[in-house]
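Spelled out from the first residue to the last, the chains are:
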Amino acid sequence: MTTLQSRQDTGRAARPAAPDEEALSRRALSGERAAWDALIARHQRRVVVSLLARGIRVDRAQELTQETWARLIQQQQRGLLTELRLPALALAQAAFLAADDARRARRESVDGTVEDLPERQQPVDPAQSAEKRLVSEEQLARARDALEQVSPGARNVFLLACDGQGLPHAEVASRVGLSVQRVRQILCEVRKKLRTALEEEQP
Amino acid sequence: MTAPTPHLTRDRTEQYLLGALPPEACAELEAHTLTCEPCARLLQEEALLEEQLYEIAAATPRDAVVVRPARWHRPAAVAAALVAVAASALLLLRPGGEAVSPSVTPVEAPVLAAREPEEAPRDIVVACPDLATQEHCLRSASARGLLVYHPGGQGEVPRYDASSGLTQVALSSRPAAL
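Order-wise, the sequence lines are chains C and F.
Sequential numbering from 1 applies to the first sequence in our numbering.
Sequential numbering from 204 applies to the second sequence in our numbering.
Here chain F stands alone, though its shape is the one from the complex:
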């Protein structure tokens, strides 16, 4: 031990591993561990703990944040969809003449109706109602040039980036809690 550099403390080692020390302090600490065996051991222990923390973080399940269009939670939308289904059925069943939209199948009708109020802005993200109809929903939506929020995450819009542009992790960040 030629140089009288100070021994490592736990706090300082933690700061070093976090990358919070200024470069010259880093260099000093590194130089010290090369000559001082107990400190080298301390550094290894702390580094090991750091690795274990990564392992723990990787093994910790995150609570899923699912972003859905606000429309889904509105009972009005459901009501509108039901009304639309009834109306299209009526149209199809009516014997007299102008069945204007014979191409509308009953499955497609609610999707159409739900989208009606927002035809103006183009970057609307819609969600498919469930897995059973999602293939059909995807096709019909892409035919209209709408972005689809895909339940399986393989659609045009990544699952958690769908409407807010945020990742799942960013969404669960709660600054207020601190």
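For reference, chain C alone in the conformation it holds in the complex:
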């Protein structure tokens, strides 16, 4: 009972800083610029990383992310957005823009010379990496086993930080009562364990 009490207390303390994703989304849908800025700040990193994972260069990834937000805001202003589920919607928009980009590069390369093939600028073919990014069933099972081995506290930090809501690390830290540095340290440890779990059977 006492532990529950203390947990409630830490929760209360973190309350004002807790991400009010729903309220922000609603305000953003009504066109409030400040709400958009807050949401963009919260989800920016996730979108950039998703583009980097497709083998897009850093500078282009950042441009595409900007473009993603611009398009979303544009759609909202035209009244085309009825609801805003944020990481997912932005990730889908970014993926669309990336695919479009790759298509255009390929089309231009056809009437160019061999040296101008997109593969020369882009080290990895995005189509190939898009396929690779799907975690297979057995990989997922192994990752789950590995996650079982991790201490409950560390697992919880990992799930909080990666649950797709774009919770900032400072927020995670305040919820579990740790420092931001410690949270990042834990995330790196979990990440290493999961990496070995994912790579186990790969040559």
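There may be inaccurate statements among the hints.
Restraint ranges, calculated between C-beta atoms of paired labels, are given here [claimed, not checked]: (1) C:Gln66 / F:Arg347: 50 to 56 Å; (2) F:Glu338 / C:Ala141: 40 to 46 Å; (3) F:Gly222 / C:Lys192: 17 to 23 Å; (4) C:Gln66 / F:Pro225: 31 to 37 Å; (5) F:Thr336 / C:Arg78: 24 to 30 Å; (6) C:Ala88 / F:Glu231: 42 to 48 Å; (7) F:Leu237 / C:Gln77: 31 to 37 Å; (8) C:Ala41 / F:Pro264: 26 to 32 Å; (9) F:Ala234 / C:Ala99: 25 to 31 Å; (10) C:Thr82 / F:Pro225: 36 to 42 Å; (11) F:Pro226 / C:Gln165: 21 to 27 Å; (12) F:Arg342 / C:Gln149: 45 to 51 Å.
Covered, in the sense of this in silico footprint (three residues per stretch, anywhere, with C-beta under 8 Å from a C-beta of chain C), are these stretches of chain F [to be verified]: (13) 216-227; (14) 233-245; (15) 253-263.
Hints listed in this document are in silico derivations from the structure and should not be mistaken for laboratory results.
Since the model is a prediction, treat every value here as computed from it, not as a measurement.
C-beta atoms are modelled at their ideal positions from N, C-alpha and C, and glycine is treated no differently.
Given chain C's structure and the hints, the job is docking chain F onto it.
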């Protein structure tokens, strides 16, 4: 490779993806990946892993934390409810005169009795006993201005926020375990 910027290490790349690097270090790292192909590849691998971690986290089931009023676990409450049922039945059955509460149906009686001790504070959250009677329970509770902790999560109080104001994820956070 015109600028002598250092190559990426895994640790540094992880820090970058976590957003833990200071801005100038970020800029340096980004600039380096633009000119160095192996490092660009490393960055992509790490970003890919990051994405896979998100996928794993999304696919990991969380153990449900159900918040119930502490009252539920007290045998005394059950006993009180039973006594109340018996009393109201007695009242209804008694032939002589003052059947004061004929409106109390047997279904409603235990709910009423359980709430009796806490009429004073207004923001009490109550839970409906089960799915079969929840419609009735909801109606009668809202008639009394009580907040209802809805088993299906569609009541006036969101399921996991019911009594503590915490989300499900926050509740399963255990700082002590670290």
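Chain C covers the stretch 216-227 of chain F, three or more CB atoms within 8 Å, holds or violated: holds (count 6)
Assessment of proposed distance window 31 to 37 Å (beta carbons of Gln66 of chain C, Pro225 of chain F): violated (22 Å)
Pairwise beta carbon distance, Ala41 of chain C to Pro264 of chain F, judged against the given window 26 to 32 Å: Between Ala41 of chain C and Pro264 of chain F, where Cβ atoms are some 30 Å apart, the hint holds.
Distance restraint evaluation - Thr82 of chain C, Pro225 of chain F, Cβ atoms, bounds 36 to 42 Å: About 40 Å separates the Cβ atoms of Thr82 of chain C and Pro225 of chain F, which means 36 to 42 Å holds.
Per-stretch coverage check for the stretch 233-245 of chain F, three Cβ contacts closer than 8 Å to chain C: holds (count 6)
C-beta pair Pro226 of chain F, Gln165 of chain C: status relative to the range 21 to 27 Å that was hinted: holds (24 Å)
Status of the given 45 to 51 Å range, CB of Gln149 of chain C versus CB of Arg342 of chain F: At 49 Å between Cβs, range holds.
CB-CB spacing for Lys192 of chain C and Gly222 of chain F relative to the 17 to 23 Å hint: holds (18 Å)
Assessment of proposed distance window 42 to 48 Å (beta carbons of Ala88 of chain C, Glu231 of chain F): violated (32 Å)
Per-stretch coverage check for the stretch 253-263 of chain F, three Cβ contacts closer than 8 Å to chain C: Check passed, 11 qualifying residues.
25 to 31 Å as the expected CB spacing between Ala99 of chain C and Ala234 of chain F, which holds or is violated: holds (26 Å)
Whether the CB-CB distance between Gln66 of chain C and Arg347 of chain F falls inside 50 to 56 Å: For Arg347 of chain F against Gln66 of chain C, whose Cβ atoms are near 54 Å apart, the range 50 to 56 Å holds.
Taken one by one, the earlier hints fail for this structure at numbers 4, 5, 6, listed in ascending order.
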